[in-house]
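Order-wise, the sequence lines are chains P and S. Position 111 (the first sequence) corresponds to 110 in numbering that gives the first Met the number 0; numbering is contiguous. Position 132 (the second sequence) corresponds to 131 in numbering that gives the first Met the number 0; numbering is contiguous.
Some hints here could point you the wrong way.
DMTMM-like cross-link-like pairs, simulated, lysine to aspartate or glutamate; straight-line CA separation at most 25 Å [stated by the list, open to error]:
id : chain 1 : residue 1 : chain 2 : residue 2
1  : S       : Lys201    : P       : Glu580
2  : S       : Lys23     : S       : Asp37
3  : S       : Lys201    : P       : Glu182
4  : S       : Lys201    : P       : Asp185
5  : S       : Lys120    : S       : Glu172
6  : P       : Lys453    : P       : Glu349
7  : S       : Lys109    : S       : Glu126
8  : S       : Lys120    : P       : Asp185
9  : P       : Lys346    : P       : Asp514
10 : S       : Lys92     : P       : Glu349
11 : P       : Lys544    : S       : Glu154
12 : P       : Lys446    : P       : Glu461
Partner residues aside, some chain P positions facing chain S, computed with beta carbon under 10 Å [what the hints assert, rightly or not]:
id : residue
13 : Leu189
14 : Ala314
15 : Gly355
16 : Asn486
17 : Leu500
18 : Thr503
19 : Ile532
For each label pair, taking beta carbons as the anchor points, the in silico distance ranges come out as [to be verified]:
id : chain 1 : residue 1 : chain 2 : residue 2 : range
20 : S       : Thr236    : P       : Gly193    : 35 to 41 Å
21 : S       : Ala256    : P       : Gly588    : 44 to 50 Å
22 : P       : Thr416    : S       : Gly86     : 37 to 43 Å
23 : P       : Gly577    : S       : Ser69     : 44 to 50 Å
24 : P       : Pro457    : S       : Ser35     : 35 to 41 Å
25 : P       : Ser196    : S       : Arg77     : 20 to 26 Å
26 : S       : Ala39     : P       : Pro457    : 44 to 50 Å
27 : P       : Asp54     : S       : Arg112    : 52 to 58 Å
Please keep in mind that the hints were generated in silico from the structure rather than gathered at the bench. These numbers come from a predicted model, not from an experiment. A virtual CB, placed ideally from N, CA and C, is assigned to each residue, including glycine.
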Amino acid sequence: MSALVASPAPRRGSVRTTSWKLLLNNRLATAGLALLGLILLLIVLAPVLPLPDPDATAPVDRLKPVLTAGHLLGTDQLGRDILSRLLWGTRVSIAVGFAATLIAAGIGSAIGIVAGYAGGRTDNAMMRGIDMLMAFPYILLALAIVAALGPGLMNALYAIALVNIPFFARNVRGVTLGYAHREFVDAARLSGKGHLSIILTEVLPNVMPVIVITMSTTAGWMILETAGLSFLGLGAQPPQADLGSMLGEGRAQLFTAPHVSIVPGVMIFLVVISLNLLGDGIRDVLDPRLRSGALVRPGPVTEVAPDRTAPANTAEGASLSIEKLETGFRRGKEIVPAVRDASLHVKPGECLGLIGESGSGKSVTALSVMGLVASPPGVIRNGAVYLGNDDVLSMSETRLIANRGSRVAYVFQDPLTTLHPMYPIGRQVEEAIAAHQPVRAAERREKAVALLEKVGIPDARERSVHYPHQLSGGQRQRVGIAMALANDPEIIIADEPTTALDVTVQARILELLRDLQRERSMALLFITHDFGIVSEFCDRVAVMKDGEIVETGETREVLDNPQHAYTKRLIACVPELGTGERFLDRVAGLFAGGKAEVAQ
Amino acid sequence: MTGAAIQVRDLSKTFGGGRGVFGKAKHEIRAVKAVSLDVARGETLAVVGESGSGKSTLARMLVGLEEPTSGSMLIAGRDAAALRRSGPRAFGKTIQYVFQDPVASLNPRKTIREILETPLKLLCGYEAPRRRVRMQELLHAVQMPEDTLLRYPHEFSGGQAQRIAIARALATEAEIIVLDEPVSALDVSIQAQVLLLLRDLKQRFGLSYLFISHDLAVVEAISDRVAVMYLGEVVETASAARLFTDPEHVYTRQLVASAPRIKKE
Chain P
0 MSALVASPAP RRGSVRTTSW KLLLNNRLAT AGLALLGLIL LLIVLAPVLP LPDPDATAPV
60 DRLKPVLTAG HLLGTDQLGR DILSRLLWGT RVSIAVGFAA TLIAAGIGSA IGIVAGYAGG
120 RTDNAMMRGI DMLMAFPYIL LALAIVAALG PGLMNALYAI ALVNIPFFAR NVRGVTLGYA
180 HREFVDAARL SGKGHLSIIL TEVLPNVMPV IVITMSTTAG WMILETAGLS FLGLGAQPPQ
240 ADLGSMLGEG RAQLFTAPHV SIVPGVMIFL VVISLNLLGD GIRDVLDPRL RSGALVRPGP
300 VTEVAPDRTA PANTAEGASL SIEKLETGFR RGKEIVPAVR DASLHVKPGE CLGLIGESGS
360 GKSVTALSVM GLVASPPGVI RNGAVYLGND DVLSMSETRL IANRGSRVAY VFQDPLTTLH
420 PMYPIGRQVE EAIAAHQPVR AAERREKAVA LLEKVGIPDA RERSVHYPHQ LSGGQRQRVG
480 IAMALANDPE IIIADEPTTA LDVTVQARIL ELLRDLQRER SMALLFITHD FGIVSEFCDR
540 VAVMKDGEIV ETGETREVLD NPQHAYTKRL IACVPELGTG ERFLDRVAGL FAGGKAEVAQ
Chain S
0 MTGAAIQVRD LSKTFGGGRG VFGKAKHEIR AVKAVSLDVA RGETLAVVGE SGSGKSTLAR
60 MLVGLEEPTS GSMLIAGRDA AALRRSGPRA FGKTIQYVFQ DPVASLNPRK TIREILETPL
120 KLLCGYEAPR RRVRMQELLH AVQMPEDTLL RYPHEFSGGQ AQRIAIARAL ATEAEIIVLD
180 EPVSALDVSI QAQVLLLLRD LKQRFGLSYL FISHDLAVVE AISDRVAVMY LGEVVETASA
240 ARLFTDPEHV YTRQLVASAP RIKKE
């Protein structure tokens with residue numbers, strides 16, 4: 000947040016260079032780019048290169064092999080120079096392919112963006128039209144169009160463009176749908192923009208990457224289709240050269256003079272493969288999901304630096320001790336620290352609140368305990384985590400995984416995302432039991448129902464066949480708690496378990512957690528950003544800021560007499576019922592002098 | 000102009016309903032049921048309620064993003080239906096909206112300059128030099144540095160993005176602002192700063208706020224009067240001081256009792 004005081008870097012340029020660099024980092028894409036560049040250079044230079052006329056026939060010199068003097072790639076059945084025809088033909092094929100891509104992209108994207116933005120009936124009508132277009136086999140449709148319009152290169156171009164419109168329309172509509180109801184679109188409407196202006200200036204820039212990705216991945220395909228139509232004699236008409244028609248004409252001499260058809264065949268292959276490699280590279284760079292590494296599968300356990308220092312357990316008898324933990328994230332070659340030198344101890348039957356603002360490293364600390372930080376990029380640099388006397392970080396992978404759920408269980412913030420939407424809740428609780436206890440199915444079922452009852456789900460037996468979406472937010476969180484309790488863990492780590500809930504529901508969930516914890520004398524590590532909850536719920540509290548724990552102590556003492564300046568400010572900033580407008584006067588003093596944001 | 004900033008009478012909104020192609024009645028959700036509210040000029044009325052209580056639907060109707068099913072709204076003394084007929088620009092100049100998620104309400108592919116210029120150009124019709132001056136004034140009002148204009152939304156933290164969103168609402172020169180959970184997504188210290196800013200702006204520009212929130216303590220700090228919504232209805236309206244010391248409705252009492260508070264000896 001201190002970015003504000005830093006001088007602004009010229010971001011725009013630097014972002015572009017990184018995209019460019021990312022593309023060049025991809026070796027295959029670079030190879031594709033180089034190959035395509037070479038081909039484009041050759042065909043652009045075709046008019047100035049010392050090439051014979053591509054259409055000049057010389058029956059005397061027919062079917063000369065490759066590397067004949069004067070004809071580098073030989074001649075065809077009419078004695079025309081193949082090299083010259085190849086370059087001129089590639090020119091035509093690429094021009095037609097690209098033109099068809101542009102037309103299809105233009106029309107298809109326009110349909111997709113309007114359908115996605117308008118929604119309702121307009122969307123329905125437009126997309127059913129597109130569906131009809133897709134219902135025909137594409138080559139049949141192209142043939143029908145060319146048959147109706149008559150053979151010729153331009154008609155082939157129209158046919159191919161038309162056939163490819165659905166790909167763009169569907170892709171773009173899908174993305175637009177996601178943007179059409181975003182808040183910034185509403186905000187633009189309130190700023191006085193009309194629909195057309197919103198589509199062009201708000202939605203289109205966001206949809207553009209998808210259009211470019213679709214274009215780059217379909218261009219090769221379109222060149223192939225152009226060649227296909229020409230091969231069938233429906234595209235370029237003789238004597239005009241085009242890769243497909245060259246291939247078609249050479250077919251008759253396939254056995255006597257194979258080079259006549261192989262040469263254009265290889266050219267088609269090179270053009271399409273270079274376009275596809277480049278297209279894949281562009282997609283990887285532009286697609287934010289791929290860029291963020293979503294395709295990289297995280298390992299089962301967070302990477303632990305082999306040279307970590309493992310301090311001894313300083314709190315004998317604690318259920319969970321975290322000693323000088325240092326967790327970071329790899330970014331390129333360096334490691335950006337998220338948690339620094341954090342030490343925490345939770346005794347059996349105790350509730351420790353871990354409080355801090357967003358980005359302070361609370362969740363990373365909690366996930367580090369059981370090696371759940373996704374790796375890559377996460378890495379535990381230093382420190383030790385003790386369950387009783389066992390160091391978790393030196394456990395074998397199987398042993399660590401066996402301890403998850405059985406000794407340490409987690410309750411996460413949003414139960415809608417942590418419960419599987421396709422399984423009934425009862426089955427999910429059973430699964431949690433089955434992971435650690437070898438019991439028969441019937442017994443497991445009973446246990447699951449008992450657990451659901453325990454966490455206060457009314458009519459647990461009937462409700463156990465319900466799916467998560469049939470439950471309210473509070474009930475879903477109860478199911479989450481039931482799953483955490485399934486194997487009688489010694490420690491429960493609750494990561495903002497009530498943040499997504501309404502206050503009245505929150506009060507009941509907290510009550511449940513407290514009762515369960517007391518009854519089973521579990522250790523509870525409770526992560527929150529709310530001092531009100533800490534004050535009502537936790538025995539001790541640790542305050543975290545920028546990855547470091549700045550203060551730890553009994554809740555009452557910390558609240559009454561905070562030592563660290565950050566804790567003081569954090570407590571002062573919590574509005575309290577009954578303070579009314581005096582609250583703002585109080586905080587006004589804290590942020591006096593307009594230094595407000597800078598202080599953050 | 001005198002009188003009420005917002006006057007809402009028996010406002011309802013029903014989603015779905017009607018009949019499908021085959022005459023089957025569609026599922027109907029009554030999000031807002033016959034709500035009546037008044038916001039006086041220069042006043043802050045808070046609307047509190049839990050998720051699904053219809054707060055946001057009410058707010059979206061007030062700024063013209065949703066059309067009410069029935070009932071009437073007077074905004075700055077003018078009928079909302081008439082305002083809508085005279086085009087979206089008339090609406091935008093009268094009443095503005097600040098969204099809950101500040102980052103999502105700013106287009107990620109536009110600079111702050113482009114975002115702030117839109118209302119100045121379209122709603123106020125200012126020429127380029129005047130726009131430039133006005134943008135500096137706005138940034139100054141929300142306490143952001145001048146280089147903000149050149150940067151993109153993702154370069155700002157939540158609190159800063161909310162300041163920019165508030166600046167955009169102010170740019171329209173509307174005097175009535177609907178704030179939909181403007182501080183819920185922010186950390187407490189940032190939240191306090193944004194609340195301070197809102198109070199400061201209200202005094203400086205004579206604004207009227209409709210402040211939607213689920214956090215009672217925040218509401219008490221900023222509002223003059225509070226309306227409690229429950230399942231689409233306003234169940235209680237009272238001054239902030241009265242409501243929290245002596246809640247009348249059962250639901251309000253429950254709400255007040257559930258709010259976590261810091262216990263100090």
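Hint check results:
no.: 1; hint: Lys201(S) with Glu580(P); in the structure: holds, 14 Å
no.: 2; hint: Lys23(S) with Asp37(S); in the structure: violated, 39 Å
no.: 3; hint: Lys201(S) with Glu182(P); in the structure: holds, 24 Å
no.: 4; hint: Lys201(S) with Asp185(P); in the structure: holds, 24 Å
no.: 5; hint: Lys120(S) with Glu172(S); in the structure: holds, 12 Å
no.: 6; hint: Lys453(P) with Glu349(P); in the structure: holds, 21 Å
no.: 7; hint: Lys109(S) with Glu126(S); in the structure: holds, 20 Å
no.: 8; hint: Lys120(S) with Asp185(P); in the structure: holds, 17 Å
no.: 9; hint: Lys346(P) with Asp514(P); in the structure: holds, 17 Å
no.: 10; hint: Lys92(S) with Glu349(P); in the structure: violated, 56 Å
no.: 11; hint: Lys544(P) with Glu154(S); in the structure: holds, 21 Å
no.: 12; hint: Lys446(P) with Glu461(P); in the structure: holds, 14 Å
no.: 13; hint: Leu189; in the structure: holds, 5 Å
no.: 14; hint: Ala314; in the structure: violated, 27 Å
no.: 15; hint: Gly355; in the structure: holds, 9 Å
no.: 16; hint: Asn486; in the structure: violated, 30 Å
no.: 17; hint: Leu500; in the structure: holds, 9 Å
no.: 18; hint: Thr503; in the structure: holds, 4 Å
no.: 19; hint: Ile532; in the structure: holds, 5 Å
no.: 20; hint: Thr236(S) with Gly193(P): 35 to 41 Å; in the structure: holds, 37 Å
no.: 21; hint: Ala256(S) with Gly588(P): 44 to 50 Å; in the structure: violated, 30 Å
no.: 22; hint: Thr416(P) with Gly86(S): 37 to 43 Å; in the structure: holds, 41 Å
no.: 23; hint: Gly577(P) with Ser69(S): 44 to 50 Å; in the structure: violated, 39 Å
no.: 24; hint: Pro457(P) with Ser35(S): 35 to 41 Å; in the structure: holds, 36 Å
no.: 25; hint: Ser196(P) with Arg77(S): 20 to 26 Å; in the structure: holds, 25 Å
no.: 26; hint: Ala39(S) with Pro457(P): 44 to 50 Å; in the structure: holds, 45 Å
no.: 27; hint: Asp54(P) with Arg112(S): 52 to 58 Å; in the structure: holds, 56 Å
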